[in-house]
Structures are given as C-alpha cells and as structure tokens.
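Just so it is clear: in the sequence shown, position 130 is 132 by our numbering, and no numbers are missing.
It should be emphasised that the hints constitute simulated quantities derived from the structure, not laboratory data.
Check the hints yourself; a few may be wrong.
Unchecked claim - Okay, derived cross-link-like pairs now, SDA-like style, lysine to any residue, Cα gap no bigger than 25 angstroms in a straight line: (1) K142 x N156; (2) K142 x V131; (3) K142 x F154; (4) K142 x V129; (5) K142 x G130; (6) K142 x G161; (7) K142 x L128; (8) K142 x Y152; (9) K142 x I155.
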Amino acid sequence: GILVGLAMTMTGFVTYRYRETRAMTLAQFFEMRYSRSFRVFAGLLSFLSGILNYALFPAIGGRFFLYYCGFPDSFHLFGLEWSTFGTLMALFLGVALVIVMTGGQLTTMITDCLQGIYSYFAYALLVGVIFYTFSFAQFKEVMFARPEGYSFINPFDTGMMTDFNIFYVLIG
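From just these sequences and the hints, can you work out the full model?
Encoded structure:
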C-alpha cells in the first residue's frame with residue numbers, strides 16, 4: 003500500500019497522465035475519459051460512501067466511549083431519560099458541524115492535518131511503549147500459543163474465530 007503509493011508519487015505514473023488531460027477535478031476527468039453518466043455514477047457512489055461514513059463513525063465512536071469509559075446506557079436530565087449512546091453521537095456530530103460551519107473546508111483540512119500529525123507521534127509513542135514493555139519473545143509466545151482454528155499467524159487457520167477470520171483478510 004504505502005510503498006506502491008510512494009512509488010507512484012515519486013515516478014508520477016498516474017499523475018502525469020491525469021495532468022495531461024488538464025482536468026481540474028477527478029469528476030471532470032471521469033467525464034472526459036468515460037461519459038457524463040459515469041461521472042454522475044461516481045458522484046453518487048462518493049455521496050453514498052460519505053453518508054455511510056458519517057453514519058458509522060459517530061456510532062462507532064459512541065459505542066467506544068460508552069463501553070471504554072463505563073458510561074451507563076441512559077441518564078436522567080431535566081426529568082427525562084436520555085440514551086447515552088444517542089447523546090454521544092449527537093455530541094460528535096455537533097462538534098463536527100460547528101467546526102465545518104464556522105471555518106469551512108479550510109478549517110476542516112487544517113484540523114485533519116493537525117490530527118494526522120498528532121496521530122503519528124501518538125502511535126509512535128504507543129508502539130515504543132509496547133516494545134519497551136514486552137519483549138519479542140513474549141510476542142512470539144503469545145502469537146503461537148493458540149488452539150487449532152484460532153491462529154493469530156496463519157490466516158487460513160482461523161475457521162473457529164467468529165470476530166476475525168478469512169473474510170476479513172479477503173476484504174483487505
């Protein structure tokens with residue numbers, strides 16, 4: 003993934019042909035290369051993917067904080083019983099809407115960039131702490147000490163696993 007993207011960026015394998023068309027957007031390129039109906043299809047596919055994305059991420063984030071922080075399923079406020087999951091989802095969407103509505107696309111791009119930069123350092127620190135805390139021999143021992151059908155090493159020996167099996171490998 004990363005190496006292929008880096009090689010394509012360094013050689014200009016895709017971008018050179020794309021720039022030759024003088025297309026300003028990918029949608030314009032689709033219309034020039036294929037047809038207007040394909041451009042509309044790609045736009046609809048992108049729109050539906052975005053809707054699905056913005057439906058899933060607040061739900062996943064809400065479930066994570068609900069269980070990780072040990073919040074109750076509901077709480078009472080102003081004499082009403084509120085769902086904690088729904089409130090967390092509304093909070094996540096509200097923060098995103100405030101950022102987008104007050105700052106626009108530029109603010110969104112800057113916050114995404116800063117979040118990415120922060121994540122690089124946070125993940126590097128996390129990996130460093132894990133490797134400092136545990137030895138490679140401990141990793142190896144745990145990875146190989148699995149019963150038949152529950153392998154962490156062989157993706158074809160995961161038939162008994164219900165949460166992570168060959169289908170997840172095939173999706174990737």
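Each hint, compared with the structure:
For the hint pairing K142 with N156, the CA-to-CA distance comes to about 13 angstroms; that is within 25 angstroms, so the pair holds. Proposed proximity of K142 and V131 is supported: the alpha carbons are some 17 angstroms apart, at most 25 angstroms. The straight-line distance between the Cα atoms of K142 and F154 is roughly 10 angstroms, inside the 25 angstroms bound, and the hint therefore holds. Between the alpha carbons of K142 and V129 the distance comes to roughly 16 angstroms, so the proposed pair stays at or under 25 angstroms and holds.
A hinted pair counts as satisfied when its Cα atoms are at most 25 angstroms apart, and K142 with G130 qualifies at roughly 17 angstroms. With a C-alpha separation of about 21 angstroms, the suggested pair K142 and G161 falls inside the 25 angstroms cut-off, and the hint holds. Distance check on the hinted pair: K142 and L128 sit about 19 angstroms apart at the alpha-carbon level, within 25 angstroms; holds. Distance restraint check for K142 and Y152: the Cα-Cα separation of roughly 15 angstroms lies within the 25 angstroms cut-off, and the hinted pair is therefore satisfied.
Under the criterion of a C-alpha separation no larger than 25 angstroms, the hint pairing K142 with I155 is consistent with the structure, at around 10 angstroms.
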